[in-house]
Amino acid sequence: MPLKPCLVAVSDSWLTAGRYMLGIDEVILCDDIPTFLLGLGMLFAAYYNFNIRYPLEVAGLLEFIQRCFVGINPDRGSKIRWWCTSKSPVSY
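Per full-length UniProt numbering, the sequence shown runs over residues 1 to 92.
By construction, these hints were calculated from the structure, which means they are not laboratory data.
These numbers come from a predicted model, not from an experiment.
Just to be clear, a hint being listed does not mean it is correct.
[What the hints assert, rightly or not] Now the in silico label distances, taken between C-beta atoms and shown as ranges:
1. Asp12 x Ile72: 28 to 36 Å
2. Gly18 x Leu56: 26 to 34 Å
3. Asn49 x Asp12: 25 to 33 Å
4. Leu29 x Pro55: 13 to 21 Å
5. Arg53 x Thr16: 28 to 36 Å
6. Tyr48 x Asp12: 25 to 33 Å
7. Asn73 x Asp12: 29 to 37 Å
8. Glu57 x Trp14: 16 to 24 Å
9. Phe64 x Leu38: 14 to 22 Å
10. Asn73 x Ser11: 26 to 34 Å
11. Ile72 x Thr35: 16 to 24 Å
12. Ser11 x Gly41: 13 to 21 Å
A virtual CB, placed ideally from N, CA and C, is assigned to each residue, including glycine.
Start from the sequences and build out the full structure, keeping to the hints where you can.
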């Protein structure tokens with residue numbers, strides 16, 4: 001299990017699983033989540049409430065899901081770590 005928050009399906013396939021588990025830092029926090037949507041909401045709540053940055057490999061996708069589907073839209077900031085410290089201005 002990864003160190004970041006993750007949703008684990010208790011089945012051969014996450015599409016047909018009847019139960020899910022939420023883990024953070026290799027520790028299972030909740031082991032009886034009945035639906036994928038509830039688990040997904042809990043996953044994003046864990047990232048948001050514990051102020052954990054998204055893994056770089058999937059940061060863009062998770063940020064999109066967070067804002068468009070889960071409805072967590074902070075006024076400012078992001079869970080994505082940007083490696084560039086300066087951005088070029090855009091001229092119109």
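Taking the numbered hints from earlier one at a time, note which ones the structure violates and give those numbers from smallest to largest. none
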